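Enquirer: Protein chains in written order, with UniProt numbering: chain A, 1 to 200; chain V, 1 to 200.
Hints are computed from structural coordinates only; laboratory data are not their basis.
These numbers were taken from a predicted model, which means no experiment stands behind them.
Be careful, since some hints might not be right.
Intra- or inter-copy, both count: the list cannot distinguish identical chains.
[Stated by the list, open to error] Below, in silico cross-link-like pairs of lysine-lysine (DSS-like), each with a Cα-Cα straight-line distance of 30 Å or less:
{"no.": "1", "residue 1": "Lys134", "residue 2": "Lys64"}
{"no.": "2", "residue 1": "Lys46", "residue 2": "Lys134"}
{"no.": "3", "residue 1": "Lys21", "residue 2": "Lys134"}
{"no.": "4", "residue 1": "Lys64", "residue 2": "Lys21"}
There are 2 protein chains.
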Amino acid sequence: MPAPLGRVVEMLSTLPGVGPKTAMRLGLNLLSRPASETVALADALKLLHEQVGFCDICGCFAEKGLCQQCDDPAREGDTVCIVEQPVDVLMMERGHNYRGHYHVLHGRLSPVDGVGPEELNLAALDRRVEAGIKELILATSATVDGEATAHYIARRYRDAGVRISRIARGVPEGGELEYLDEHTLSRALDQRISWDNGSI
Amino acid sequence: MPAPLGRVVEMLSTLPGVGPKTAMRLGLNLLSRPASETVALADALKLLHEQVGFCDICGCFAEKGLCQQCDDPAREGDTVCIVEQPVDVLMMERGHNYRGHYHVLHGRLSPVDGVGPEELNLAALDRRVEAGIKELILATSATVDGEATAHYIARRYRDAGVRISRIARGVPEGGELEYLDEHTLSRALDQRISWDNGSI
Chain A
1 MPAPLGRVVE
11 MLSTLPGVGP
21 KTAMRLGLNL
31 LSRPASETVA
41 LADALKLLHE
51 QVGFCDICGC
61 FAEKGLCQQC
71 DDPAREGDTV
81 CIVEQPVDVL
91 MMERGHNYRG
101 HYHVLHGRLS
111 PVDGVGPEEL
121 NLAALDRRVE
131 AGIKELILAT
141 SATVDGEATA
151 HYIARRYRDA
161 GVRISRIARG
171 VPEGGELEYL
181 DEHTLSRALD
191 QRISWDNGSI
Chain V
1 MPAPLGRVVE
11 MLSTLPGVGP
21 KTAMRLGLNL
31 LSRPASETVA
41 LADALKLLHE
51 QVGFCDICGC
61 FAEKGLCQQC
71 DDPAREGDTV
81 CIVEQPVDVL
91 MMERGHNYRG
101 HYHVLHGRLS
111 PVDGVGPEEL
121 NLAALDRRVE
131 AGIKELILAT
141 SATVDGEATA
151 HYIARRYRDA
161 GVRISRIARG
171 VPEGGELEYL
181 DEHTLSRALD
191 QRISWDNGSI
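The following block holds chain A by itself, in its conformation from the complex (with noise of 0.2 Å):
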């Protein structure tokens, strides 16, 4: 294989998901399509992280100083809800029922890992609680990790004049019993809501 081939093959199978024979399918593409279409690739990827970078505010992806949540004065300021990672910002936007800002921890509490409190982006979150805000969602994952860093969080607000409210867990849309896992059953029984005609 030619050395320039090898290299290119060799970083594609460092992506998630990749293999040597993925990365070997995708190498020969890019090399017999024409040039300018692999070159605009390389430019793009290049621009990437020159031109993104976190928002000052919550540490969402941003282009500027803020992103775009933190930069709409149509949103709800003093409504924020907390995940994990920039991308389940993307995520949670695409429901379009969210009006309010986020903060992104960039990662969540894992003792296993050596990731504590103060490896998470909890020191800007405690200036925008101070400066004022009346709920906090915790919508971080529903895994073990994410359960425990959602504990954390909202024992340290809880004399912070707060209200504090965790994303609602149950059956997902679509999800037929059969398929479900015991635990994701159990607590849609736990914390079934009333039928009230009507509301739901």
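Fit chain V to the supplied structure of chain A, relying on the hints for placement.
Expert: Chain V only, in chain A's frame:
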């Protein structure tokens, strides 16, 4: 999503086997790893088309004028294995038992897609056959189009005083009869070879 990330994701999703979701995962990974790694991939991609071209003789990948095989005086120049794509040469070379040269067609006959003999790298092969070759090994794929291409080339050079052969077809290594299609099995039976103790 920040526009620079959107551009990378859009371009990645044009790669084979990469859908919008995978492209998103790859794009986010490239954004979250150290900038130097993403820039290194961009640099390697820029050099790909600049440094890798096709061999002047056989049409395989080559960094300079000639590919590794055509540039190797130890290989048998009077045996030429005909393949469809440059990647097929890489696959053949994995076997380590072929010591001849190659000729890459850069395609195969496909009337449906408007690919006729003029679209294939055959004029160069004519010149190689005229200059003197002992054997042409047809290693086009075992598909309808690959088979048609092999037939066409065999007819094209039938009076050129060159031995023409086709790579064997049959049960692949490790193949269990239970899972083989009937065409492969039927051909393996038709083309059975005598059990000569010691030779097989």
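Enquirer: My question is about lysine 21 and lysine 134: at a cut-off of 30 Å on alpha-carbon distance, are they close within one copy, between copies, both, or neither?
Expert: Answer is neither; intra-copy 52 Å and inter-copy 35 Å both fail.
Enquirer: Have a look at lysine 46 and lysine 134 and pick one of within, between, both or neither, based on CA distance no larger than 30 Å.
Expert: neither (40 Å within a copy, 50 Å between copies)
Enquirer: When Cα atoms must be at most 30 Å apart, do lysine 134 and lysine 64 count as within-copy, between-copy, both, or neither?
Expert: within (27 Å within a copy, 67 Å between copies)
Enquirer: Within, between, both or neither: how does the pair lysine 64, lysine 21 come out at a Cα-Cα threshold of 30 Å?
Expert: Answer is between: at 26 Å across copies they meet the 30 Å cutoff, but 38 Å inside does not.
When the structure is compared with the earlier hints, violations turn up for hints 2 and 3 and for no others.
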